[in-house]
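A.B. asks: Line by line, the protein sequences give chains A and B. Counting from 35, one number per residue, gives the positions in the first sequence under this note's numbering. Counting from 35, one number per residue, gives the positions in the second sequence under this note's numbering.
If you are wondering where the hints come from, they were derived from the structure by calculation, not from laboratory data. Just so we're clear, the structure is a prediction, and the values are computed from it rather than from any experiment. Fair warning: there could be bad hints in the mix.
Note that identical chains are pooled: a pair holds if it fits in a single copy or bridges any two copies.
[As the list claims (entries may be wrong)] Here are the computed lysine to any residue pairs in the SDA-like style, where the Cα-Cα straight-line distance is at most 20 Å: (1) 164 <-> 199; (2) 154 <-> 103; (3) 163 <-> 199.
2 protein chains.
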Amino acid sequence: MAADIRCDVALIHYPVVNRNDEIIGSAVTNLDLHDIARACRTFDVGRYWVVTPYVRQQELAAQIIGHWTEGYGGSVNPDRADALSLTRICSGLDDVIDSMSVRDGRRPIVVATSAVSRVKGITYGGLQKKMVEGAPVLLLFGTAWGLAPEIMARVDATLPSITGTGDFNHLSVRSAASITLDRLLGDRENN
Amino acid sequence: MAADIRCDVALIHYPVVNRNDEIIGSAVTNLDLHDIARACRTFDVGRYWVVTPYVRQQELAAQIIGHWTEGYGGSVNPDRADALSLTRICSGLDDVIDSMSVRDGRRPIVVATSAVSRVKGITYGGLQKKMVEGAPVLLLFGTAWGLAPEIMARVDATLPSITGTGDFNHLSVRSAASITLDRLLGDRENN
Numbered sequence: 035m036a037a038d039i040r041c042d043v044a045l046i047h048y049p050v051v052n053r054n055d056e057i058i059g060s061a062v063t064n065l066d067l068h069d070i071a072r073a074c075r076t077f078d079v080g081r082y083w084v085v086t087p088y089v090r091q092q093e094l095a096a097q098i099i100g101h102w103t104e105g106y107g108g109s110v111n112p113d114r115a116d117a118l119s120l121t122r123i124c125s126g127l128d129d130v131i132d133s134m135s136v137r138d139g140r141r142p143i144v145v146a147t148s149a150v151s152r153v154k155g156i157t158y159g160g161l162q163k164k165m166v167e168g169a170p171v172l173l174l175f176g177t178a179w180g181l182a183p184e185i186m187a188r189v190d191a192t193l194p195s196i197t198g199t200g201d202f203n204h205l206s207v208r209s210a211a212s213i214t215l216d217r218l219l220g221d222r223e224n225n
Numbered sequence: 035m036a037a038d039i040r041c042d043v044a045l046i047h048y049p050v051v052n053r054n055d056e057i058i059g060s061a062v063t064n065l066d067l068h069d070i071a072r073a074c075r076t077f078d079v080g081r082y083w084v085v086t087p088y089v090r091q092q093e094l095a096a097q098i099i100g101h102w103t104e105g106y107g108g109s110v111n112p113d114r115a116d117a118l119s120l121t122r123i124c125s126g127l128d129d130v131i132d133s134m135s136v137r138d139g140r141r142p143i144v145v146a147t148s149a150v151s152r153v154k155g156i157t158y159g160g161l162q163k164k165m166v167e168g169a170p171v172l173l174l175f176g177t178a179w180g181l182a183p184e185i186m187a188r189v190d191a192t193l194p195s196i197t198g199t200g201d202f203n204h205l206s207v208r209s210a211a212s213i214t215l216d217r218l219l220g221d222r223e224n225n
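From just these sequences and the hints, can you work out the full model?
C.D. replies: Right, dumping it as structure tokens:
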């Protein structure tokens, strides 16, 4: 990512929905931390925010990240330390937006990726253009069955769902985050 | 993926290398099965081959897949059954190539994705062109620290590593497979 592009990623554990469209909080998982941190590091994302209001879950996330950034894991696998050092734990979306606003001197464009919603739709190319023009961007990803309506109501824009030619769109959040970052920030020059 | 495109994916658990470049066999993991099957289903891949010569590992993989395709998992989550039904377990690369050759009436182009090698390099666009022209393709992904030299020596072509503008290329195999499939088979029409 060019030095003047500012893009953060937030993985939301609450409020999200379950398969019955009920509001739930999901558990932090080890592989969501690792896979998405590695994708963020690959595509030069600024910060990877792990969002959960549950203190015990925050502690668990901190323990995992600490093992890989300051503990034994990082000493045997420095690349993993490098990736996980981008991670920050926080309680809610407002905390992320506030931190980014202070850092970047302006509020980020908050963008959801959604398998279903096309509300306030923006294309990948359209968002890339805004990033190149200097707008800081916060990309939101939902765990479980996706972001709750109260989060979707607050976003500034929604990217199209990721599909092939069919209509199956049940990618893992790890895959969806990886593909979204590649579409927005991947190096296509030699491809 | 268009009906006339034939692309399979194989996840190799042996022979792969560890961080010291020694040949090892890796363990089948639950999330490699799920995440990559879901990405394969999204992008209309023909078959997702899980390659391990270890009988106990084959049994474990079959048990997991069975739970989601025939057992309780599939009954509560039909989308997951749909994705995992693409999966086939086999002992080695030769088995995959033989099965595909019989099915498609010709040997597939065997393509590795590699974070390092550029031997027999092909671009994503170049491979897409061959697929559209009707060539069946087998995409290989390596677990652990990647495909062993004896596998790399046998491939017909190698795709470039996936990077941002930097040189960090330590994506998880789940992320790498997802991004590669999206680059080759993703629908960009409305993006």
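A.B. asks: Checking residue 154 and residue 103: alpha-carbon separation at most 20 Å within a copy, between copies, both or neither?
C.D. replies: Answer is neither: 38 Å inside a copy and 37 Å across each miss the 20 Å cutoff.
A.B. asks: 20 Å Cα cut-off: does residue 163 pair with residue 199 within a copy, between copies, both or neither?
C.D. replies: So residue 163 and residue 199 pass the 20 Å test across copies only (17 Å; inside, 26 Å).
A.B. asks: What label fits residue 164 with residue 199 when the C-alpha limit is 20 Å: within, between, both, or neither?
C.D. replies: Cα proximity of residue 164 and residue 199: across copies only (18 Å, versus 28 Å in one copy).
Consistency note: the structure conflicts with earlier hint 2 alone.
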